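Let the hints inform the model, and build the full structure from the sequences given.
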Amino acid sequence: MSDLAKKLQKVHQACHRAWAKAARDLELSFSEFEYLSAVQEQADLQRFEDKHGQHLQDIVDALGVTKASASTMISKLEARGWVTRFQCMMDARAQHIVLTPEGQVKLARGARVYEQIATQIKDEIGDTLSL
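If you count by my numbering, then the sequence shown holds residues 1 to 131, one letter each, in order.
For the record, the hints were derived by calculation from the structure and aren't laboratory data.
Keep in mind that this is a model prediction, so the values were computed, not measured.
Each hint should be verified, as a subset may be incorrect.
Claimed, not checked - Quick list of the computed label-pair ranges, beta carbon to beta carbon:
#1 Gln-87 x Val-11: 21 to 29 Å
#2 Glu-115 x Arg-93: 34 to 42 Å
#3 Ala-92 x Lys-122: 30 to 38 Å
#4 Ser-2 x Gln-104: 23 to 31 Å
#5 Cys-88 x Arg-24: 31 to 39 Å
Stated by the list, open to error - DSS-like, lysine-lysine: derived pairs with alpha carbons at most 27 Å apart:
#6 Lys-21 x Lys-76
#7 Lys-21 x Lys-122
#8 Lys-21 x Lys-7
We put the beta carbon where it would ideally sit given N, CA and C, even for glycine.
Written out as structure tokens, the structure is:
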């Protein structure tokens, strides 16, 4: 295994272990974090004129999941109060999906898991990975 592959394996192991440990305390699964991240990434695209935000299909494309899977998870996140939906003004068939304030808090807490991992493994593998 190449040096880069070994480093990537260490990063993956650290992330997996950190999420397994943190999920209960955060009351947030890694999958939920991924969806919240995708919703926020799509919301950030609203600042550019060629993108208008977070339709379900945008989240499907960002995560590489099926529309049925994304719809189920978004409904779950909505029931937990972490996202909300509203009618798209440009396409009456579509809805925008946005984080609620509680969803933003969950996303920030999940992001801190990665900050902790970065601190933890910095000395083990260095500051950067050469790709």
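Against the structure, the hints:
Range check, Gln-87 to Val-11: about 41 Å between beta-carbon atoms, so the 21 to 29 Å window is missed. Taking the beta carbon of each, Glu-115 and Arg-93 are about 39 Å apart, inside 34 to 42 Å as hinted. For the hinted restraint 30 to 38 Å between Ala-92 and Lys-122, the CB-CB distance of approximately 49 Å leaves it violated. One distance hint, 23 to 31 Å for the beta-carbon pair Ser-2 and Gln-104, is violated here, with the actual separation near 39 Å.
Judged by the Cβ atoms, the range 31 to 39 Å given for Cys-88 and Arg-24 holds: they are separated by roughly 36 Å. Between Lys-21 and Lys-76 the alpha-carbon distance is near 22 Å, which keeps this suggested pair within the 27 Å criterion. The suggested pairing of Lys-21 with Lys-122 holds, with an alpha-carbon distance near 19 Å, which does not exceed 27 Å. The hinted pair formed by Lys-21 and Lys-7 meets the criterion: a straight-line CA distance of about 21 Å does not exceed 27 Å.
Violated hints for the displayed structure, listed by number in ascending order: 1, 3 and 4.
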